[in-house]
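Peer 1: Following the hints, complete the assembly by docking chain B onto the known chain A.
If you want the building blocks of each chain, they are given just below.
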Amino acid sequence: MSGSDLSLAAEIALDDFTLALDTRVPLNGVTAVFGPSGSGKTSLLNLVAGFLRPDRGEILFGETAWARARPKTWVPPHRRAVGTVFQDAQLFPHLSVSGNLDYADKRADTEAPGYPRAKIFDAMALGPLLDREVQTLSGGERQRVAIARTLLTRPRLLLLDEPLSALDGARKAELVPFLETLKTDFALPTLYVSHDVDEVSRIADRVIMLEAGRVIAEGGTDEVLSRFGLEAGRNPCEKASVLRGTLDQSAAQDDLIAVRVGEAVLWLAADIDLAQGSDVRLKIPARDVSLALEPPTGISIQNMLAATVTSIEPTKRPAFQAVSLTVGTQALLAIVTRKAVGDLDLAPGRAVYALIKSATFHH
Amino acid sequence: MSLPDLTALWLTARLALVTTVVLLIIGTPLAWWLAQTRSRFKPAIEALIALPLVLPPTVLGFYLLIAMSPNAPFGGFWLAATGDTLSFSFAGLVIGSVVYSFPFMIQPLQSAFEGPVQQAMRTAASLRASRIDAFFSVAVPMSARGFVTAIVLSFAHTLGEFGVVLMVGGNIPDRTRVASIEIYENVETLNYADAHALSLILLVISFVTLFCVFLFNKRFPAHVRF
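Protein chains in written order, with my numbering: chain A, 1009 to 1371; chain B, 34 to 259.
So that you can see chain A by itself, here it is in the shape it has in the complex:
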């Protein structure tokens, strides 16, 4: 019950949107905070860590209020039983590796149950790093030191802010086993911020999915990811995206159903028994999304969405590339040939039209 939850019922106005949360995170296992960049993931972490003050609402750690408007309660970051590992490790440059570790050890919460120094050093394989200068460490080594440093403060809740994002592929693969050790050997409740499906499905027990400052889904990892067609490790050509829209019966014509997705309308030939204005999900296979630089004419495809390229990544088949797009605030994936990416000169930030060959209702 509430005694073992982190309860977030808080609002804060950010630059682009308001982050509005009303969720409880059980204080066990790993909970991923998942969503595209700029969806409010890091701000959520900052609210929990105490680096941001909510405008409204309250943040409760078990039965302890960390932030509350009335009666006014504010626990400053250094008195919260929480440890943050930052994206880029943030080791202190004026201290050596062991100096960084001692810094945390000296300030540990002596009333909290901790782990023996030797166990932490072992788990993060710090032996050969202790006498090194911080500046000489690789990205992965820095993160290991940062994780050990945070563990030494004896947190009761661990916050990991995209610990892999500053690393390249090989370094990432190197660090993942350490994150798994962290989970199995230390059993610390953890909030794990990530925008990477593979990472989340490998490490998290449950997922809170954010979009533009709202929680759009939460639950078990597999259940949430599959609801959005985001299962990791699948053949990329079978990948699909899920777009949310509303049913617009009034616009139906020619035996087609109209679904509004943001500003655009998609036409579907389907029998569906839902009320006007119902929220629906459309599953769109990535192979059935084509891209064009201009709105094409003289084409049989009826469904077209204005989109922006966010990233382009290789797939397992060298001839194809996966192009991630945003449509309004939603994510859409297209699999196109590498040749097409080159011919259209696609790059992050490029405005394109996504032509959708097929879409099915998804439950």
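Calculated from the structure, these hints are not laboratory results. Keep in mind that this is a model prediction, so the values were computed, not measured. Mixed in with the good hints, there may be bad ones.
Label-pair restraints from in silico Cβ distances [unchecked claim]:
1) L86/B / E1141/A: 32 to 40 Å
2) R71/B / E1141/A: 33 to 41 Å
3) P106/B / E1019/A: 20 to 28 Å
4) G1357/A / N250/B: 37 to 45 Å
5) E1019/A / W66/B: 25 to 33 Å
6) R71/B / T1189/A: 21 to 29 Å
Which chain B residues stay away from chain A? Per the calculated CB distances, all over 10 Å, these [what the hints assert, rightly or not]:
7) T40
8) F74
9) I78
10) G116
11) S232
12) C245
Beta carbons are placed, not taken as given, at the ideal position from N, Cα and C, and that holds for glycine.
Peer 2: Then chain B, alone, in the frame of chain A:
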């Protein structure tokens, strides 16, 4: 060299030292505030602090002289509190020098405190360090270079001060006649030998001080390792 020269030099050194200490004490919190504030008054305050860089020292000295007069609220309060007038006193010189050298203390500290140091303060907080603990254990060592630059520049700039001191302190031997004024006095009275000697001493001291800063900045990274 005759005795009065050394008196003036000693007075100058004392003034520069006291001024630097006072500046360090009031400048550090102000620079810290400026480095992290989002207040809309920040640009106005920054402009105010930078004023002595462009204002003729006589203008600054003139306003200070008026403020320090026993008839003015500030000067009157000082007289009532200490029994001594502020103008033409060592205390008055210190206040004048503090205002005059303010930007030389604030600006290096402020830029040292910005960016990485602010992020490091959060990191320290996540490691359970209170703000004051984090300031001394993280911000100060990370800003070591800024502190050295600020201290040395404030000290050296106060050594070279002339206009403000002359306006506020006058030219009273032993009390307010600093080295730069002594040199002026010597030249006026055609005592070129003493002027030469004193000028050379100031030149060497200033060069050595600045040389030390540049040497320090070259030898050490932005922060000091402990």
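Peer 1: Next step is simple, just say for each hint if it's right about the structure.
Peer 2: Outcome of the hint check:
no.	hint	verdict
1	L86/B / E1141/A: 32 to 40 Å	holds (38 Å)
2	R71/B / E1141/A: 33 to 41 Å	holds (35 Å)
3	P106/B / E1019/A: 20 to 28 Å	violated (48 Å)
4	G1357/A / N250/B: 37 to 45 Å	holds (39 Å)
5	E1019/A / W66/B: 25 to 33 Å	holds (28 Å)
6	R71/B / T1189/A: 21 to 29 Å	violated (41 Å)
7	T40	holds (43 Å)
8	F74	holds (22 Å)
9	I78	holds (24 Å)
10	G116	holds (45 Å)
11	S232	holds (41 Å)
12	C245	holds (21 Å)
Taken one by one, the earlier hints fail for this structure at numbers 3, 6, listed in ascending order.
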